[in-house]
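J.: Be aware that the sequence shown starts at 1, since it is given in the working numbering, and climbs by one per residue.
Note that these hints are calculated values from the structure, not bench results. Glycine included, every Cβ here is placed at the ideal spot set by N, Cα and C. Possibly wrong hints are sitting among the right ones.
Claimed, not checked - Straight-line alpha carbon distances no greater than 27 angstroms define the calculated DSSO-like cross-link-like pairs of lysine-lysine that follow: (1) K277 with K152; (2) K209 with K252; (3) K265 with K209; (4) K152 with K252.
Said to hold, decoys possible - For each label pair, taking beta carbons as the anchor points, the in silico distance ranges come out as: (5) R310 with D290: 23 to 31 angstroms; (6) G26 with G83: 15 to 23 angstroms; (7) G26 with E296: 27 to 35 angstroms; (8) L17 with P153: 42 to 50 angstroms; (9) E179 with A226: 23 to 31 angstroms; (10) D315 with E216: 23 to 31 angstroms; (11) D18 with E196: 33 to 41 angstroms; (12) S48 with A75: 39 to 47 angstroms.
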Amino acid sequence: MAQQIQVQIHAPDELRLDRVPAPVPGPRDAVVRVAACGICGSDLGYLSLGGVAGPTGTPMPLGHEFSGVVESVGAEVAGVAPGDRVVVDPLGAGNRIGNGGSEGAFTPRLLVRNVSEDRCLIRIPDALPLELAALAEPLGVGMQAVNRSRAKPGEKAVVFGAGPIGLAAIATLRYRGLEDMIAVDYSDTRLGVARELGARDTLNPSRDKVGSRIRELHGTSLVMGAPMADTDIYIEASGAAPVLPQIIRRSKSGARIVVVALHRKEIAINFLLIMMKQLELLGSIAQPEDWNDMIEMLGQVDLSAMITHRFPLEDFEEALAIAQDADAGAKVMVDCGGGGAAG
1 MAQQIQVQIH
11 APDELRLDRV
21 PAPVPGPRDA
31 VVRVAACGIC
41 GSDLGYLSLG
51 GVAGPTGTPM
61 PLGHEFSGVV
71 ESVGAEVAGV
81 APGDRVVVDP
91 LGAGNRIGNG
101 GSEGAFTPRL
111 LVRNVSEDRC
121 LIRIPDALPL
131 ELAALAEPLG
141 VGMQAVNRSR
151 AKPGEKAVVF
161 GAGPIGLAAI
171 ATLRYRGLED
181 MIAVDYSDTR
191 LGVARELGAR
201 DTLNPSRDKV
211 GSRIRELHGT
221 SLVMGAPMAD
231 TDIYIEASGA
241 APVLPQIIRR
251 SKSGARIVVV
261 ALHRKEIAIN
271 FLLIMMKQLE
281 LLGSIAQPED
291 WNDMIEMLGQ
301 VDLSAMITHR
311 FPLEDFEEAL
321 AIAQDADAGA
331 KVMVDCGGGG
341 AAG
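All chains, please: the whole structure from these sequences, using the hints.
T.: If you want it as structure tokens, here you go:
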């Protein structure tokens, strides 16, 4: 039986490039040749824990931000054909690709189950490079945060955290017509990418007084006689515990605050300020229901600046080391060889 590489978690901080049998589709399944797969922050979290919620005694395949080309389909599959260029909803149709299921996309060929259901496979235009199409999933997370914010042209926004999700939010805000945006991050490399994607200003807390600089850049609005930043929207994509309380303290009345970062620990929040300022505090997770929203944006906006590093699948451990270094860059993309990442 043919064998292939599969990146799998075996225990906390223990990852291997295993040899596993190549997949064969069942009647309702498809096999996708994976072209490109990005390393996600949740991948790093799963590795640290030894799995989605810790070790299970069974290796966990990794990888869920990917694109590829359909290689073969089962006899009962309709609406999907070999040769289709696709992105895949990793949680669609009962799949849990790279999220605790039996498949993960850091591999040359991937089994996707029940592909006729729930639009699990989404075809992409021939003109869209597969490498950029692999950004659809993280772009969708940032886009959903922007959707939750109800951002409108002419409003002012601050995005805390210029990792891939924060960058996706910045790009989406610009795509939706906002111009006055500030990105906040400790990495000058990531702040440079934020500027390329549409941030007008960038702040690095290691040298900038963030609160006062936001007031200088966005102006002020009086709240009970005190000057607060005249920012309409805050998107918290950093995951840093002090950020959210600071936003609440410094925001003007009626500001909308969207939390899209993963906060594993509880945070003390001053609900008196939320009440008195009539703030909106919103959570955001996953993507919009219609993946065509992301595909359409990827066809109109060049997000290639988000991809700062590229590695072949065989060098996954080196790719992982870069992804674990927040100062090194933004999105690390892995070429899995199934169709050419740039094709």
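J.: Each hint: holds or not?
T.: Against the structure, the hints come out as follows:
no.	hint	verdict
1	K277 with K152	holds, 21 angstroms
2	K209 with K252	holds, 18 angstroms
3	K265 with K209	holds, 26 angstroms
4	K152 with K252	holds, 17 angstroms
5	R310 with D290: 23 to 31 angstroms	holds, 29 angstroms
6	G26 with G83: 15 to 23 angstroms	holds, 20 angstroms
7	G26 with E296: 27 to 35 angstroms	holds, 32 angstroms
8	L17 with P153: 42 to 50 angstroms	holds, 47 angstroms
9	E179 with A226: 23 to 31 angstroms	holds, 27 angstroms
10	D315 with E216: 23 to 31 angstroms	violated, 44 angstroms
11	D18 with E196: 33 to 41 angstroms	holds, 37 angstroms
12	S48 with A75: 39 to 47 angstroms	holds, 41 angstroms
In the structure shown, a violation is registered for the earlier hint numbered 10 alone.
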